[in-house]
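Peer 1: Residues per chain, in single letters:
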Amino acid sequence: EPEVTQTPSHQVTQMGQEVILRCVPISNHLYFYWYRQILGQKVEFLVSFYNNEISEKSEIFDDQFSVERPDGSNFTLKIRSTKLEDSAMYFCARTDGKGLAGGGDTQYFGPGTRLTVL
Amino acid sequence: KREVTQIPAALSVPEGENLVLNCSFTDSAIYNLQWFRQDPGKGLTSLLLIQSSQREQTSGRLNASLDKSSGRSTLYIAASQPGDSATYLCAVSATGGGNKLTFGTGTQLKVEL
Numbered sequence: 024e025p026e027v028t029q030t031p032s033h034q035v036t037q038m039g040q041e042v043i044l045r046c047v048p049i050s051n052h053l054y055f056y057w058y059r060q061i062l063g064q065k066v067e068f069l070v071s072f073y074n075n076e077i078s079e080k081s082e083i084f085d086d087q088f089s090v091e092r093p094d095g096s097n098f099t100l101k102i103r104s105t106k107l108e109d110s111a112m113y114f115c116a117r118t119d120g121k122g123l124a125g126g127g128d129t130q131y132f133g134p135g136t137r138l139t140v141l
Numbered sequence: 042k043r044e045v046t047q048i049p050a051a052l053s054v055p056e057g058e059n060l061v062l063n064c065s066f067t068d069s070a071i072y073n074l075q076w077f078r079q080d081p082g083k084g085l086t087s088l089l090l091i092q093s094s095q096r097e098q099t100s101g102r103l104n105a106s107l108d109k110s111s112g113r114s115t116l117y118i119a120a121s122q123p124g125d126s127a128t129y130l131c132a133v134s135a136t137g138g139g140n141k142l143t144f145g146t147g148t149q150l151k152v153e154l
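Taken in sequence, the protein lines are chains A and B. Numbering-wise, the working numbering comes out as the position in the first sequence, counting from 1, plus 23. Numbering-wise, the working numbering comes out as the position in the second sequence, counting from 1, plus 41.
Since the hints were derived computationally from the structure, they do not count as laboratory data.
Here are the simulated lysine-lysine pairs, PhoX-like style, with alpha carbons at most 25 Å apart:
1. B:Lys42 to A:Lys65
2. A:Lys65 to B:Lys109
3. B:Lys83 to A:Lys101
4. A:Lys101 to A:Lys80
5. B:Lys83 to A:Lys65
6. A:Lys106 to B:Lys83
7. B:Lys151 to B:Lys83
8. A:Lys65 to B:Lys151
9. A:Lys80 to B:Lys42
10. A:Lys65 to A:Lys106
11. A:Lys80 to A:Lys106
12. A:Lys65 to A:Lys101
13. B:Lys42 to B:Lys109
14. A:Lys65 to A:Lys80
Over the 12 Å line for every Cβ pair with chain A, so calculated as not near, a few chain B residues:
15. Thr99
16. Ser110
17. Gly124
What follows is a list of derived Cβ distance ranges for each label pair:
18. B:Arg102 to A:Ser104: 46 to 52 Å
19. A:Asp119 to B:Tyr117: 25 to 31 Å
20. A:Thr36 to B:Arg96: 43 to 49 Å
21. A:Glu41 to B:Gln122: 42 to 48 Å
22. B:Arg102 to A:Gly63: 24 to 30 Å
23. A:Ser32 to B:Ser53: 28 to 34 Å
24. B:Val54 to A:Ser32: 30 to 36 Å
25. B:Tyr117 to A:Ser104: 43 to 49 Å
26. B:Glu97 to A:Asp119: 20 to 26 Å
27. A:Val47 to B:Asn59: 37 to 43 Å
Bear in mind that the values here come from a model prediction, so they are computed numbers and not experimental data. Ideal placement from N, C-alpha and C gives every residue a C-beta, glycine not left out.
Excised from the complex, chain A in its bound form (with noise of 0.2 Å):
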């Protein structure tokens, strides 16, 4: 199964910014989440989405992050106000949802968008 393709690669901004995060998904998938990876900690779980609605989100998104699905095909991420510490790998992850909930089932990473924030 391919993963998901994220675009840019890499993205530089000015804090204070707004940026948008862009996964892009080869087939018809429902399942999508997005996790983030600090240089040198853990990645991270940002949030995840289901039938064009927000099904989780942890503690670090907050009201400066959003999620949507545009035009029913990719899957964007939002920072409002870029801070330094946003400064991170961002990856966007799918499933093939024939779990429940999406559950049990292999989720497969995108190669990521490297943020930073300047």
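Assemble the complex: chain A is given as a structure, and chain B must be docked to it using the hints.
Peer 2: Frame of chain A, contents of chain B only:
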């Protein structure tokens, strides 16, 4: 809060050696456990998924086991090769947790010629 720990943090072995990577987790109420490989600066490649009802999964030279009662999983790599050099991550999803994954810090493996 669920914690996932991986030991050792780093491992260097000569080519051809069999090796075991360890993963432990608090709270045995997991739905599944997944092992990933991460190359430097790259994404995560799924290696194996073990459902909570399973004891092990095999794929080629890889074998992963799961002991829910003790909160442990191992990844066994047979006949290691330099191309196996990468960071190996384990991650668990919780029952009722919508399949969000909680990751360990990883084991950085180097297989030397």
